[in-house]
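Q: Protein chains in written order, with numbering that gives the first Met the number 0: chain A, 0 to 211; chain B, 0 to 211.
Hints listed in this document are in silico derivations from the structure and should not be mistaken for laboratory results.
No experiment lies behind these values; they were computed from the predicted model shown.
Here a beta-carbon is modelled for each residue, glycine too, at the ideal position from N, C-alpha and C.
A few chain A residues facing chain B, derived, Cβ under 8 angstroms: (1) Pro54; (2) Gly56; (3) Ile68; (4) Phe69; (5) Gly94; (6) Ile97; (7) Phe101; (8) Glu108; (9) Leu112; (10) Pro113; (11) Leu116; (12) Tyr117; (13) Pro127; (14) Gly128; (15) Gly131; (16) Arg139.
A few chain B residues that don't get close to chain A, going by computed Cβ distances all over 10 angstroms: (17) Leu5; (18) Val11; (19) Gly17; (20) Tyr35; (21) Val40; (22) Ala137; (23) Leu170; (24) Leu177; (25) Arg189; (26) Ala195; (27) Ala210.
The chain contents come next:
There are 2 protein chains.
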Amino acid sequence: MTDLILTTFDWVPEMPRGYVRDLRVRWALEEAGLPYRVESVPFRTRGVEHFSHQPFGQVPWLTDGDRSIFESGAILLHLGERSDALMPADPRRRGEVIEWLFAALNSVEMASLPWSLYRFAGDTEDTPGRQGLERFLAARLQHLESVLGGREWLAGGFSIADIAMADVLRLIDRFDGLVDSPACRDYVARATARPAFVKAHADQLAHFAAAD
Amino acid sequence: MTDLILTTFDWVPEMPRGYVRDLRVRWALEEAGLPYRVESVPFRTRGVEHFSHQPFGQVPWLTDGDRSIFESGAILLHLGERSDALMPADPRRRGEVIEWLFAALNSVEMASLPWSLYRFAGDTEDTPGRQGLERFLAARLQHLESVLGGREWLAGGFSIADIAMADVLRLIDRFDGLVDSPACRDYVARATARPAFVKAHADQLAHFAAAD
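Construct all of the structure, not just a fragment, from the sequences and the given hints.
A: If you want it as structure tokens, here you go:
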């Protein structure tokens, strides 16, 4: 089997630790039991080599043989195609996983990550744009709450869609945004109790702590 | 060949016309020359049947035989797998298209759509959170500008990645957010000059105008 290499930053500040996106990839690799190793690039100076792998200067990227893959969504889909533990082979079930993978990233995170920037900045100004952003996230969570109230995982068994969605919801929860969404909170608790998440999370914290 | 059915709203207010997400699907279907028909659901009252197809109460969804697919990203990927005009079959090239599809939706639109909510609201308050959102979008556009300065399309020939990215950039441009990004503006001009875009855009405007 080809060696898989996950590349992330060598160090990040305290605040994002445990939430850097290499977590999604670590988690998937652990769920699938695929062997991999972790390499680092400098957080403070991002050179031409970095941008050649990740055009926005972010992390992670995954090296699989002679391919280098960026975007955590694309990496999850790539790994899903390598392991039944991450995505079923049946075309209909596979299609449902892909829908929910995009939903996590483009329907929920598109509302929640900008919202979290305000919480991160400690910004409490109640302006019309801010109200729009709050309503945007609240509407998405309200509908997701209905979905998660009726099922254990998004698309049949646990899949890459749950890795993406649970990680998106974790960041909302960190800023107390799931107070009115008990089914979403229960879902995050179920997902983060999985041994693969626990190991991935501990490994990310240890990786950054080692560089302090 | 199976009949493809694209479902969108029966009517929307003036403001979003020309920018409703069924455009991405119309555009892909026109590029691929796949026959399809358009059906409508009420904009004002969204019932149980609507949520059974699109759990966030949004549009579009695509019906392909006995499958119903939501999330424009998932629909584009589904259509890409049906047509070489939208995504090459070669695994490496296909992988690059998928990376850029996710980049459009999760690296650029995640910054730009919330930003556009402020412009839409006419909100000019300069708060710390707002500054964070402006910096978030500016950084993504700066890196995308470098990429698009050196190539015609994102991943080899024109693909579903360009449909997603050009449509994301169009909305930024509408609110004058591409003033400092000439390569992005040129790219939008190239993409929207394609006959398939022109027809898709005209068809969307006509669809909503017919309901006035």
